[in-house]
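Enquirer: Spelled out from the first residue to the last, the chains are:
Number of protein chains: 4
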Amino acid sequence: MSSWGDSLKISVFGESHGKGIGVVIDGLPAGVRLDMEGIYLQMSRRAPGKDKTATPRLEKDIPQVLSGLLDNTTTGAPLCAVIENTNTRSGDYGNIMSCPRPGHADYTGNIRYGGFNDISGGGHFSGRLTAPIVFAGSVCRQILAEKGIRIAAHIASIGNVNDIRFDPVDIPSELIDRLNVSTFALIDQSAEEKMRAEVEQCRMNLDSIGGTVECAVTGLPAGVGSPMFYGIEGVISSIVFGIPAVKGIEFGAGFDAAKMKGSQDNDEFYYDGDTVRTRTNNHGGILGGISSGMPVIFRAALKPTPSIGKQQNTVDLVKHQDAKLEIHGRHDPCIVPRAVPVIESAAAVAVANLMMQVNKL
Amino acid sequence: MSSWGDSLKISVFGESHGKGIGVVIDGLPAGVRLDMEGIYLQMSRRAPGKDKTATPRLEKDIPQVLSGLLDNTTTGAPLCAVIENTNTRSGDYGNIMSCPRPGHADYTGNIRYGGFNDISGGGHFSGRLTAPIVFAGSVCRQILAEKGIRIAAHIASIGNVNDIRFDPVDIPSELIDRLNVSTFALIDQSAEEKMRAEVEQCRMNLDSIGGTVECAVTGLPAGVGSPMFYGIEGVISSIVFGIPAVKGIEFGAGFDAAKMKGSQDNDEFYYDGDTVRTRTNNHGGILGGISSGMPVIFRAALKPTPSIGKQQNTVDLVKHQDAKLEIHGRHDPCIVPRAVPVIESAAAVAVANLMMQVNKL
Amino acid sequence: MSSWGDSLKISVFGESHGKGIGVVIDGLPAGVRLDMEGIYLQMSRRAPGKDKTATPRLEKDIPQVLSGLLDNTTTGAPLCAVIENTNTRSGDYGNIMSCPRPGHADYTGNIRYGGFNDISGGGHFSGRLTAPIVFAGSVCRQILAEKGIRIAAHIASIGNVNDIRFDPVDIPSELIDRLNVSTFALIDQSAEEKMRAEVEQCRMNLDSIGGTVECAVTGLPAGVGSPMFYGIEGVISSIVFGIPAVKGIEFGAGFDAAKMKGSQDNDEFYYDGDTVRTRTNNHGGILGGISSGMPVIFRAALKPTPSIGKQQNTVDLVKHQDAKLEIHGRHDPCIVPRAVPVIESAAAVAVANLMMQVNKL
Amino acid sequence: MSSWGDSLKISVFGESHGKGIGVVIDGLPAGVRLDMEGIYLQMSRRAPGKDKTATPRLEKDIPQVLSGLLDNTTTGAPLCAVIENTNTRSGDYGNIMSCPRPGHADYTGNIRYGGFNDISGGGHFSGRLTAPIVFAGSVCRQILAEKGIRIAAHIASIGNVNDIRFDPVDIPSELIDRLNVSTFALIDQSAEEKMRAEVEQCRMNLDSIGGTVECAVTGLPAGVGSPMFYGIEGVISSIVFGIPAVKGIEFGAGFDAAKMKGSQDNDEFYYDGDTVRTRTNNHGGILGGISSGMPVIFRAALKPTPSIGKQQNTVDLVKHQDAKLEIHGRHDPCIVPRAVPVIESAAAVAVANLMMQVNKL
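First to last, the protein sequences are chains B, H, D and A. Heads up, the first sequence is in this note's numbering, so the first residue is 1 and it goes up one at a time. Heads up, the second sequence is in this note's numbering, so the first residue is 1 and it goes up one at a time. Heads up, the third sequence is in this note's numbering, so the first residue is 1 and it goes up one at a time. Heads up, the fourth sequence is in this note's numbering, so the first residue is 1 and it goes up one at a time.
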């Protein structure tokens, strides 16, 4: 399903080369004034074509709000935003149905929908469907910001080139400010050149490259979340895995914690004035599924774009035999920079739901 | 919330030292004959006290089925299983409320529930609450087995000691048979000695150690799952993070995929007779959220048991000051071996829901 | 919330005088060819302005499908249909916020949304929002028709003028054919004149009139539904009460059953060839929440349109005092004829969900 | 499904003659002190055997709370209550599977569950399963009472004998007090004799009789509920139809509103001091799905108990032929008096969810 959420539900629709894509957001609090420019900014961070890491295919992702807003203020009714597709169905992808692209959902989508799914540009599986998520997330971010909750992500790695990580106990507001407007979001900006070189090399080789995104939520009060199946980790992961290419997620020390001893992993509590804090933050701001008041921190792993120019082996489903495939057209050699605002947005929708569950939004 | 699922819902209840714990399973197909001995076997794999990696505290986890079964056959009505607690509230944990244990949910639970939550033995946050998950999962496993779907997990690592991984394109049935009855489940059994030594050393040092569990689902037909928010990754992760101590999850190549090039990560399709398969399985049996017919493979990271004997710094919430804490009582120095059947069980509940969504169960 | 459903979810959006209204339908089976003319026909049955019972305000309810359809065949991805509003915000309703209209949601909406809801034309509370329900229901009807399930409703009464009721054990296919294309759907067409006279008299008196709609679902196989909270009555009622003006619903003999003896109300079973049927159908095709194979029959009570031309007492929320109100503009003196396809549509969405739950769709 | 609710979920389990029945309540606020005697009182109002209107079969419905309570105060964890069945499976109902009882779920349950459902005493379809609903509702009532919300119902009619109705604009607290402890709840107690005579006559004739229950919710603040599918009517009806024998529900003037003119049905607003009220209450406290601050009022129609002593025609599913059936054993000739606390309880669970949705609980 392409719907998600309880208290605040999003319902994403659209196919890459159909008439339009968009999202309905149901359950928004009324009376929140939205900064539309701020939303467009986030959408433009996700939009393709800004540099060589991204596909040069142009999208004008100007969302039209059909409902739920009056004078840019939420009415409490479902907010529907539509983005028209200007780049509609063409012959570019004509051979996909017969020869599924390795790493793509062509084959699984074909089986799941009995061959009736729209395959142009990936259809409903396309990364383009993350644009509505960014819209919804940008709305939620603005609502959360009113409660002092901020969300920022950065490119933690591309291939083997790493950015430094967030200091998990101290994420300065200025850093968040900077990351939130960046199209190549890095903590240590000196990593950019190396990362771009890595991507450029892949592009030249008709190849692509994966990476990781690290995301932090600051200002989340202690006591948000629930044990077991409505824990923060479960809620965030269930929406983040809705983003194409995400194949892993970890919170706090994550997979590193699996190598640690309890005495290393445990974060000791202390009083910082009247506030209980921890000196380290291996728990990623979450204990027993519930926020501790420390920053919530997670990292998502994104596989390399499966669309590559190199010839690949596949099958021909029509002829029932093995086949060779060359994918033409222009594709992002690395989608990690553009995934940054998408992951922030997914986190925002998740946190809005979590806040609502405990009557804090 | 402690409820999970759509087509097949589980509702877990209980507190560690309360009268009883259990689960209601709603939405089970009628007419499935359950092998109760098989269920007890899985529950005993999770039960503590079998060896030095586990707490010697004895639990008699014999579930009593109150409803939903007639002659061991599902009636279609909700199945409720209750496990009585013989080890009920005691004074052992008297200081927790004042001094939250680092790494535990004591502090966050206290804030979330305004101090009203049952803290004895961890209350509803206790690892003991995984027993009902194993019950529910064991029921689902048997139902799935009738469709040729099998689930097996093993200890992929404890600290820095690793088992070998599943061969992701070929998981022999005999291996699954063996793992499914093992209390220290390993593919390469020669790793056991080293792992036990690692755990024993931690125990001697009043410390604990984390690890990872790898889980495979075989026999899942292609075409199960959905794009976006009902993808297999999202569904499995949302229940697996309901297991205490899980801090990360990855599917297929997972975080390694983030370092790969598209030409490495893409799994090429080929015809194996009439069946479309992939030669490698970096996609972990999932493309676009939907099963490809290859084994579904994921790994979960478990942090070390936070209950350790060493003295730790914490706060005294009553006195409003920093404090020292020594945890007495007996605790697992490593919960990874016991987590194996829990993760298999969570996967089984998830897969049962996924199968139902596409009318295959 | 304006979302409904489990296996097949609808998410309705829009405000009466906003840019557009519409619906996202998520979970549709792929590969169903839709007859768009058939959908437009149902929408035109609901559209206003066809005669004196309806408001002369013109709406061009031509839905534009943005996604989920390829060559008029469902792709399995969410189907979004948008209806543009040509009649957008005007000054017609300027005094509503200060003086809530009796019988309308002006007052309650104002409290619920802190005064931020769009009040023009009733905003999200407007009867116009039933157009997307008719769209969604028309899609579902076509899918159900492929399984031999048909849905038909008629005006059971307007004020004190009654149509005859369905013969609950025998609803001829020809009657359904006729009702399904009628804009003033009656079993006994001789009632039309009297009903129209009743409505016309109300219109002349600047008043309005209520009525009831009776709806039948035929061809639903026995064994659909569930005990307790997913019973057919509960599922249908939870969506039917989403239609403005509905204040009551009854299944089978309904409120009459409350006056009956068991020996009268019980429907005896008999074999009609190989099929188990009942000789009477006081149970309305539902026993224990589950279909018996007999027609499912329910009646909904609709209150009179609250917008009337007569002067009424109300309050002035701004001046904090009692006030007089005269509603100008054109309003349906009776919405019952137009409610017929809306109720059929809500039933269709409900039945599609019920069928999916038992793997029959 | 036998689960219901969003913010506060109940999961009911059990079969009439199985080991036990009960309910898990998930999502309760922590820190609410429950008056257990008050809960038992409500359960005893529902319990059978108190007089000739009820079955003399004895049930000891003493619920055992397994979790979620500490010192009778909610911990925030799921609360599970179990009622042991002392009257377990017997031969009394041996012929049901072959010959389904008219008016019962025997036939539909048999089809739905392929003959695997437990038929003893009606299994999961039994009216006995309303005991857990009363438990859950009694918990919710106490929580609502802390917010000034009270719920009371009465026998509005048995057969053709009527009680007077609530004055919908003024429901005195003393009346609620009296109704809430009554086992034959009437506003006008002089109706009791006639009602009992009606029931006794049915009993003597080996017959049964239906009736209606009217329920009022007072103290619900204005602004609770939502337009469309989370309106108060839809939410209440979806749980009330989960009570066996309910075949109709109406809010406010309900089916009478269908005969009214707008000028009659519209409830005019006025200021009562600072409070906006309506002089009449045909809207039953609900406009646009949202509470107006006036009492919420609804009536439910209950069909007569289908178990009657008279010989009835049915079919023999085994022999595939028509058959005669005589039901022995003791059955309520009228379940309406016992349904009163059940309907109050269902309303309480519904209202608790509605209050939570708007952050008021």
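Simulated from the structure, these hints should not be mistaken for lab results. Please read all numbers here as calculations on a predicted model, not as lab measurements. Beta carbons: idealized from backbone N, C-alpha and C, even for Gly. Take these hints with a grain of salt, some might be off.
Unchecked claim - Simulated restraints, written as ranges between beta carbons of each label pair: (1) TYR270/A - GLY148/D: 50 to 56 Å; (2) GLY114/H - ARG178/A: 46 to 52 Å; (3) ASP6/D - ARG178/B: 39 to 45 Å; (4) GLN64/H - GLU268/A: 46 to 52 Å; (5) HIS328/D - ASP167/A: 32 to 38 Å; (6) ASN72/B - GLY329/D: 26 to 32 Å; (7) ILE164/B - GLY329/H: 56 to 62 Å; (8) GLY114/H - TYR270/A: 38 to 44 Å; (9) GLU146/B - GLY329/D: 35 to 41 Å; (10) ASP35/D - ASP272/H: 38 to 44 Å; (11) TYR271/B - GLY49/H: 34 to 40 Å; (12) GLY115/D - ASP177/A: 32 to 38 Å; (13) ARG330/B - ASP272/H: 29 to 35 Å.
Said to hold, decoys possible - The list that follows gives simulated cross-link-like pairs (lysine-lysine, DSS-like), each with its CA atoms no further than 30 Å apart: (14) LYS324/H - LYS310/H; (15) LYS360/H - LYS360/D; (16) LYS360/H - LYS19/D; (17) LYS324/D - LYS147/H; (18) LYS310/A - LYS324/A; (19) LYS147/A - LYS360/B.
To be verified - Here's a subset of chain H near chain A, in silico, CB distances under 7 Å, partners left out: (20) GLU15; (21) HIS17; (22) GLY27; (23) LEU70; (24) ASN72; (25) ILE111; (26) HIS124; (27) GLN189; (28) ALA191; (29) TYR271; (30) GLY293.
Enquirer: Could you run down the list of hints and mark each one as holding or not?
Expert: The hints, checked one at a time:
1. TYR270/A - GLY148/D: 50 to 56 Å: holds, 54 Å
2. GLY114/H - ARG178/A: 46 to 52 Å: violated, 35 Å
3. ASP6/D - ARG178/B: 39 to 45 Å: holds, 43 Å
4. GLN64/H - GLU268/A: 46 to 52 Å: Distance hint for GLN64/H, GLU268/A is violated at roughly 59 Å.
5. HIS328/D - ASP167/A: 32 to 38 Å: holds, 35 Å
6. ASN72/B - GLY329/D: 26 to 32 Å: holds, 27 Å
7. ILE164/B - GLY329/H: 56 to 62 Å: violated, 40 Å
8. GLY114/H - TYR270/A: 38 to 44 Å: With a Cβ separation near 41 Å, GLY114/H and TYR270/A satisfy 38 to 44 Å, so the hint holds.
9. GLU146/B - GLY329/D: 35 to 41 Å: At 37 Å between Cβs, range holds.
10. ASP35/D - ASP272/H: 38 to 44 Å: Once the Cβ atoms are compared, 41 Å apart, the range 38 to 44 Å for ASP272/H and ASP35/D holds.
11. TYR271/B - GLY49/H: 34 to 40 Å: Holds - the Cβ-Cβ distance for TYR271/B and GLY49/H, about 38 Å, lies within 34 to 40 Å.
12. GLY115/D - ASP177/A: 32 to 38 Å: Cβ of GLY115/D to Cβ of ASP177/A: about 37 Å, so the range 32 to 38 Å holds.
13. ARG330/B - ASP272/H: 29 to 35 Å: For ASP272/H against ARG330/B, whose Cβ atoms are near 34 Å apart, the range 29 to 35 Å holds.
14. LYS324/H - LYS310/H: holds, 10 Å
15. LYS360/H - LYS360/D: Since the Cα atoms of LYS360/H and LYS360/D sit roughly 11 Å apart, the hinted pair holds (cutoff 30 Å).
16. LYS360/H - LYS19/D: Violated, because 42 Å separates the two Cα atoms, which is more than 30 Å.
17. LYS324/D - LYS147/H: Violated. LYS324/D to LYS147/H sits at ~69 Å, over the 30 Å cutoff.
18. LYS310/A - LYS324/A: Holds - the C-alpha atoms of LYS324/A and LYS310/A are around 10 Å apart, at most 30 Å.
19. LYS147/A - LYS360/B: holds, 19 Å
20. GLU15: holds, 5 Å
21. HIS17: violated, 10 Å
22. GLY27: Holds, because the Cβ-Cβ distance from GLY27/H to chain A comes to roughly 6 Å (cut-off 7 Å).
23. LEU70: Cβ of LEU70/H sits 5 Å from chain A, so the hint holds.
24. ASN72: violated, 11 Å
25. ILE111: violated, 11 Å
26. HIS124: holds, 4 Å
27. GLN189: The hint is violated - GLN189/H has no Cβ within 7 Å of chain A, the shortest such distance being about 39 Å.
28. ALA191: violated, 38 Å
29. TYR271: Since chain A brings no Cβ nearer than about 38 Å to TYR271/H, farther than 7 Å, the hint is violated.
30. GLY293: violated, 29 Å
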